[in-house]
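Engineer: Here is how the chains run, residue by residue.
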Amino acid sequence: MSGSPAMRDTAEAVLGLLPTQVQYGDVRVVRRTHEQVLVELDGPGEVGYDDSTGLGLRVLIGGQWGFAATHRLDRRGLDAVVAQAVGQARAAGGGGRVSLGSPVTTRDTWCSPMQVDPFTVPLSSKVDLLAATVKEASTAGPLVQQIEASMDFYRDEKVFANTEGALIEQTLTESGGGLMVNAGDGDDLQRRSFPQGVPRQIRGQRGDFASAGYEHVISLGLDREAARIAAEAVALLSAPQCPDEITTLIAGSNQLAMVLHECAGHPMEADRALGTEVSLAGGTYATPERRGTFRWGSDLVSAYADATIPGALGSFGYDDEGVPAQRTQLVKDGIFLGYMSGRESAGALGLESTGQAKADGWQRLPLVRMTNICLEPGDSSLAEMIAGTKRGILVDTNRGFSIDDQRMNFRFGTEVGWEIRDGKVGRLLKNCTYQSVTPQFWASLDALGGPDEWKVHGVPSCNKGEPLQVAHVGHGTVPGRFQNVQVGR
Amino acid sequence: MSIEQSQVERALEILGAGTRLDVLGEQADLLRFAESEVTAQHSERRLRVRVRTTRNGRSVAGSLETLEPAAVQALADRLDAALADLPPGPAATSPAPVDHCAETPQVAAATSVLEAGPGDRHRWFRTVRDGLDSSTTVGGAIRYDVLDRVVADSHGLFRAETLTKAAIQAIAKKGDNSVSVRHMHRDADKVPVDDIPAKLRAALTPLPAREAHHGPCRVLLRPQAVVTLMATYGHFVLGATGYATGRSAVAGQLGEKVVSDLITLVDDGADAAGLPSGFDAEGNVRRHTRLIDRGVLTGVVSDRRRAAVTGGVPTGHAAPDGWRFGGDPSPSNLLLAPGDISDEDLLAECGSGLVVNRLDYLRSLHPKQTLVTGTTRDGTYWADSGELVAWHPQVRFTFRMDDVLNAVLAVGNTRECGDTTFMDSVVVPSLLIDAGPLVLP
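Line by line, the protein sequences are chains A and B.
This note's numbering puts the first residue of the first sequence at 34, with every later residue one more than the last.
This note's numbering puts the first residue of the second sequence at 448, with every later residue one more than the last.
Keep in mind that the hints were calculated from the coordinates and are not lab data.
All residues carry an ideal CB built from backbone N, CA and C; glycine is no exception.
Do not rely on the hints blindly, as some may be mistaken.
As the list claims (entries may be wrong) - Computed cross-link-like contacts, SDA-like style, restricted to lysine to any residue with a CA-CA straight-line distance of at most 20 Å:
1) B/K621 / A/L313
2) B/K621 / B/R648
3) A/K463 / B/L561
4) A/K457 / A/E265
5) B/K621 / A/Y318
6) A/K457 / A/K488
7) A/K365 / A/P484
8) A/K168 / A/G254
9) A/K457 / A/N517
10) B/K704 / A/D220
11) B/K637 / B/A614
12) B/K637 / B/E703
13) B/K621 / B/R810
14) A/K463 / A/Y318
15) A/K168 / B/K704
What the hints assert, rightly or not - Here are the in silico distance ranges between beta carbons for each label pair:
16) B/E703 / A/K457: 37 to 47 Å
17) A/N517 / B/P653: 54 to 64 Å
18) A/D332 / B/P653: 37 to 47 Å
19) B/D623 / A/E417: 39 to 49 Å
20) B/A717 / A/G49: 42 to 52 Å
21) B/A717 / A/R424: 51 to 61 Å
22) A/F327 / B/E703: 49 to 59 Å
Please put together the full structure from these sequences, using the hints given.
Structural biologist: Below you can see the structure in the form of structure tokens.
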């Protein structure tokens, strides 16, 4: 199968096979292609091409869901997938209560913006850029043990159709690249990544991504930044340890993106509030009775989800239930206001969907997922925050984190930090960590960077669900300053 | 979803010399529940064909979801073009060969999983839900998997197996307290579902809540918590790549004491106490690998590229191409030897201390130092004089795993099988940890 006409025909054929007892049904036919290129210290380490096509069918009978997915798109495959989905829904025995809100009847096509199609750029050009990046990084000396520079490109061609009359075709192209350097001296090992870190050394998910073409990878300047990043990795080996103290913490924009992701993004997913993610991820402090009253942070903090930001990794035309992309306020002036939701979770809360049901490919059930979770900028700047801080630390680039199952108590580690003394950036610090509790931490925020420092970070590694699904999301953030934070313990 | 040998051989022919195929026919059926109601049912069928072609020191990979010749040919053309474009890379260093003569270990597929339908999963759900009182709600997931695997290469290797698995996770909540039970087995008939309600009821024992303890204390880690601890330790510490490059905390310490002498750890894909499997993604037979013997490091796990670390023979722990947890070899079937102390005696030995049912979100902060951070979840208690006396608030621990494993005071005599997203199975008993490395903030 290739191209939308055949995919559209398949989607319509599946809906035509549904028995009359089906109250609601939707089908997604998806083709996902992925190209990855990785260059290591000793040469090209990985070149890969993935191509995945299949369909996922969801039916509602007697208020009970059935979902089946298959890579077999011939008639026997379609018959089987319908029988499986319908069989599951019937096995539940009816009696379910599902409200999907307003019907979705849109018929449309949508493409993400792109200047240079990354799948047409020659492999040799990609390898050359990454090899140049590795070469620059290797100039930092013999303590550099490992260098990995990578690019990844994704394309999703999707057709969505439902029994309410919707038929939506979308094509999304995503591009990303990154660099990771490990330096070691036998006793210690330090990592620096650019433009951002990931919790683990996950291939295919490193670096900064955008809903864009090859121009995004070029704009990252991997080769220009490589020597600095590698030099920092080496310098960290002899840097002093982050102190153990309660102090002022300034978080860089990409570090704050991860904190926002864990403290506001996941907890404000409506399905977590309804308990349906308890078996793996857990629940949330953001319970329905707290909407509109719970003080989540200081008056300076407002946060929103926005799937309409052009070029941001979490943007799209329609979600995987056919609901249009939109902006949703999550926190306003420090108060928890709203949820991200899909049709079912919104219905359970008496709301309309905010258009955030997404599935990781054709074979997975749509879940409530983040789109682009953003902070509204403040009126300060990183330079002003530093200048106004007598004693504290500046941290950036996530190295590791953990947060409890209610999304309250967290600990983050960063790849790099600097001490701040009397309004100036001082020594490099290694092994920086900080620990707090979500509402206490955000209530301690006293400054946010302004619009000039607002930047969207593309994070292609958001995990959720069982079976595990990986979502590609964005975070628009600025640097922020927090008072009385426990660091280093 | 059977995989035809003739289709695999035809694909190898199209892809040409130097090719390895790792073919997976995946069938996953789930029932998920929350607040004592069914919330979702999934049925997923997928064929994944992973291709690796290595020629003249150049290596490329691809994947697709069919063995249809036209699609395979399209991928072959793309891989050939990429090989022509690439300079030599790490693949230029010759890895150890796959031992084609080694017999493929046989793992029996269970008809209880192969022939199951949605009704079987509903029966499990009702057994758990109906065994709890009306003031207790339950959430979780029931999952049945059938995995047909073939690893074959252009040198004539062909290994095949069918793996079945049935698993249930049930989290019961009553008031402010929650507890968890997780069971799994290759054979659904051997999953003790009928016992789960009683276990949950017992764990939800009516006890007072106490204030959080601060400072060091003895900590009894029950098997579900130890699963997370040992899987994380094994993944970050016991792979040959980390050992050879110095990134592992135990690099250069083969033959040296690295943890308490109460710890004996092996990786064994044939041990029925875990979830057996016969070979890895490169087709290497999974070998019984002694990792730690009474506290002394005796081995690590390897793949073809790092076989030199393990005497030139891969131990059968190659990561699949494109594995999201990295390309380095990692343990797959860990088994921690049991001790001789009953659960009751372990509790008595704990004295006045913390009892942890589950460690959650345990994440690495510094792999070389084995420094991790995570929280307790679904059953954290305070014990005194051999009895649980109170519910304790959830705790965040930040600790060095090697410190904790050096402070083991006693090992339980009853083991449970668990799994993680990055490890097939982990079979462990309870561990009693001395006061010190696990500090309550």
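Engineer: Please go over all the hints and tell whether each is borne out by the structure.
Structural biologist: Verification of the supplied hints:
Between B/K621 and A/L313 the CA atoms are separated by roughly 18 Å; this keeps the pair inside 20 Å, and the hint holds. Between B/K621 and B/R648 the alpha-carbon distance is near 10 Å, which keeps this suggested pair within the 20 Å criterion. For the given pair, A/K463 sits about 52 Å from B/L561 by alpha-carbon distance, which is inconsistent with the 20 Å threshold. Distance restraint check for A/K457 and A/E265: the Cα-Cα separation of roughly 19 Å lies within the 20 Å cut-off, and the hinted pair is therefore satisfied.
Taking the CA atoms of B/K621 and A/Y318, the gap is near 17 Å; set against the 20 Å cutoff, the hint holds. Taking the CA atoms of A/K457 and A/K488, the gap is near 24 Å; set against the 20 Å cutoff, the hint is violated. About 17 Å separates the Cα atoms of A/K365 and A/P484, which keeps this hinted pair within 20 Å; it holds. Our distance criterion of 20 Å between C-alpha atoms is met by A/K168 and A/G254, whose separation comes to about 14 Å.
About 19 Å separates the Cα atoms of A/K457 and A/N517, which keeps this hinted pair within 20 Å; it holds. Distance restraint check for B/K704 and A/D220: the Cα-Cα separation of roughly 18 Å lies within the 20 Å cut-off, and the hinted pair is therefore satisfied. A C-alpha spacing of about 10 Å is found between B/K637 and B/A614, which places the hinted pair at or below 20 Å, so the restraint holds. Note on B/K637 and B/E703: the hinted pairing is violated, with a Cα-Cα distance of about 39 Å set against a maximum of 20 Å.
Restraint check: the Cα-Cα separation between B/K621 and B/R810 comes to about 28 Å, which exceeds 20 Å; the hinted pair is violated. A C-alpha spacing of about 32 Å is found between A/K463 and A/Y318, which places the hinted pair above 20 Å, so the restraint is violated. For the given pair, A/K168 sits about 39 Å from B/K704 by alpha-carbon distance, which is inconsistent with the 20 Å threshold. For the hinted restraint 37 to 47 Å between B/E703 and A/K457, the CB-CB distance of approximately 46 Å keeps it satisfied.
Distance hint for A/N517 and B/P653: a CB-CB separation of about 38 Å, inconsistent with the stated range 54 to 64 Å. Taken as a hint, the range 37 to 47 Å holds for the pair A/D332 and B/P653, whose Cβ atoms sit roughly 43 Å apart. Between B/D623 and A/E417 the Cβ separation comes to about 44 Å, which falls inside the hinted range of 39 to 49 Å. At roughly 49 Å, the beta-carbon separation of B/A717 and A/G49 lies within the given 42 to 52 Å, and the hint holds.
For B/A717 and A/R424, the Cβ-Cβ distance of about 58 Å falls inside the hinted range of 51 to 61 Å, so the restraint holds. Between A/F327 and B/E703, the C-beta spacing of about 53 Å keeps the proposed range 49 to 59 Å intact.
In summary, the structure is inconsistent with hints 3, 6, 12, 13, 14, 15 and 17 from the numbered list given earlier, while agreeing with the others.
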